[in-house]
Amino acid sequence: MSKIKGLICRECGKEYPAEPLHVCEFCFGPLEVNYNYDWIKGQISREKIEKGPKSLWRYIDLLPVVGEATVGLYAGLTPLIRAHNLGKELGLDELYIKNDTVNHPTLSFKDRVVSVALTRAKELGFDTVACASTGNLANSVAAHAAEARLKCFVFIPGDLEAGKILGSLIYQPTVVAVNGNYDDVNRLCSEIAAEYKWAFVNINIRPYYAEGSKTLAYETAEQLGWMAPDHVVVPAASGSLLTKIWKGFNELEKLGLIDKVRTKVSGAQAEGCSPIATAFKNKTDHVKPVKPNTIAKSIAIGNPADGYYALKAVKESGGAFDTVTDPEVVEGMKLLAKTEGIFAETAGGVTVSVLKKLVEQGIIKKKDRTVAYITGNGLKTQEAVINAVGSPVRIEPKLSAFEKILKK
Amino acid sequence: MASVKIRLTFPEDKIKEPIIYNIGHEFKVVTNIRRADVREKKGWVDLEVTGESSEIEKAVESLKTKGVKVDPIEKNVIE
Ligand SMILES: Cc1ncc(COP(=O)(O)O)c(C=O)c1O
Ligand SMILES: [Zn+2]
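Line by line, the protein sequences are chains C and Y.
Going by our numbering, the first residue of the first sequence is number 1, and it counts up by one from there.
Going by our numbering, the first residue of the second sequence is number 409, and it counts up by one from there.
Extracted from the complex, chain C is given alone in its bound form:
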């Protein structure tokens, strides 16, 4: 007996062995890890978790690896901050920020998924890892591959800004800039993944990779004293993170680690790329692809792989989906920084501003114990706020000059 039975098709339920597979051969639906929950129930307990490593690996019983953790041993277990100031500003009695801006080592929640993906990739015998990314994912894969001494290829669209590429190049992977439009790069990467025996974390390793996001739910519940919050707000790009946070809370309930989950899950998108939110508003389950146009580039995915499932999770839980404009994204970033001293990237601005909207609309109530997931660090997207933060007051090196500006 072991914790993983294999993989299972999310659409038709056909089962597969726990190999580097991601698409059902029959219906082309996406595959997901199939756990042996009865067995896990006999292994896991709050006490065992609490005594575990101070990282996401304390939840290894619920992660899709068969051996011990070998890559990313310090990822996760980020602070859950009681956000008194922001809560007051928005009119919430009990607001928390799950602060993944300080995840180790590359300052975004992607360190969670990549730790799990690369540990699994090593188990499966791969010596080369790869990803297609414009930012956070590439940084994390490159850093973890360096640590794990794996060969690494990072594929990026040819017109990406130099600053974005630096955060990957420093770890010395092979960075491949592909000439062509976004769709061309997408298709090429899928073809390369099919052709080469590499661990493409977000393609053929995706079923394992995606599970890493569940740890955001586990940690939240543990940090709240083993309970699920009333409402959570999650930024959505591919929709995987949101789907897995919902799954994570439900698994804890299934295993008897927390009481009944009454958490409402709400999704946040930028207006310039909001295919899932649009489907929610139009009351359809058909997520129509869009061409992204927003400063929130880390969550600008026009044809989201898990859009349908994210929509389903939000509806099942009784949450909502909402969007904010680019100026509101910047306002959200500034508000979080000013009230809580946290500098989040644009995705965090989206989350905070959508949170504000949901409170204003009465969808999140004053008394709701609420958690906002802040998933990436602001130092990575400085260009988004460079013209919105003002500039220093300039003075001559004289006390009188300083006192003059103090009086202003």
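In case anyone wonders, no lab produced these hints; they're calculated from the structure.
Glycine included, each C-beta is placed from N, C-alpha and C at the ideal position.
Don't take every hint at face value.
Stated by the list, open to error - The calculated label-pair distances, taken between Cβ atoms and stated as ranges, are: (1) 445/Y to 281/C: 18 to 28 Å; (2) 166/C to 430/Y: 38 to 48 Å; (3) 54/C to 445/Y: 44 to 54 Å; (4) 430/Y to 181/C: 18 to 28 Å; (5) 473/Y to 191/C: 19 to 29 Å; (6) 411/Y to 6/C: 19 to 29 Å.
Put chain Y with the ligands on the given structure of chain C with help from the hints.
Chain Y with the ligands in isolation, oriented as in the chain C frame:
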């Protein structure tokens, strides 16, 4: 012989055209629908296309010229 798995998304005005049937006639490719959701105003089809690589490429180009959105089965893979 090669084979690709793709997701086609149809714009409203193309729903009624026999587009998949047509590419099977215009190019030397075999099409096989695995999953689909086509309604009055919108639709998608998950399709396997088998043939010589060059024929597949031409078939995909033709779909795009007809206004159909063609993505890999994984949809967006750039995260
Ligand atoms: C900072 C940040 N937050 C949120 C997301 C959204 O994750 P998902 O694609 O799983 O919806 C991403 C990446 O895609 C990200 O980089
Ligand atoms: Zn299937």
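Checklist entry - Range hint 18 to 28 Å: satisfied by the CB atoms of residue 445/Y and residue 281/C? => result Check passed, 19 Å falls within 18 to 28 Å.
Item to check | Supplied distance hint 44 to 54 Å, evaluated on CB atoms of residue 54/C and residue 445/Y | outcome: Holds, since residue 54/C and residue 445/Y (Cβ atoms, about 45 Å apart) stay within the stated range.
Checklist entry - Falls inside 19 to 29 Å, the C-beta gap from residue 411/Y to residue 6/C? => result Given about 24 Å between the Cβ atoms, the range holds.
Next on the checklist: Tell me if the beta carbons of residue 430/Y and residue 181/C are separated by a distance inside 18 to 28 Å.
Outcome noted: Since the Cβ atoms of residue 430/Y and residue 181/C sit about 25 Å apart, the hinted range of 18 to 28 Å holds.
Checklist entry - How does the Cβ-Cβ distance of residue 166/C and residue 430/Y compare with 38 to 48 Å: does it lie in that range? => result 47 Å Cβ-Cβ, so the 38 to 48 Å window holds.
Next on the checklist: Given a hint of 19 to 29 Å, does the C-beta separation of residue 473/Y and residue 191/C actually sit inside it?
Outcome noted: holds (20 Å)
In this structure, none of the earlier numbered hints is contradicted; all agree with it.
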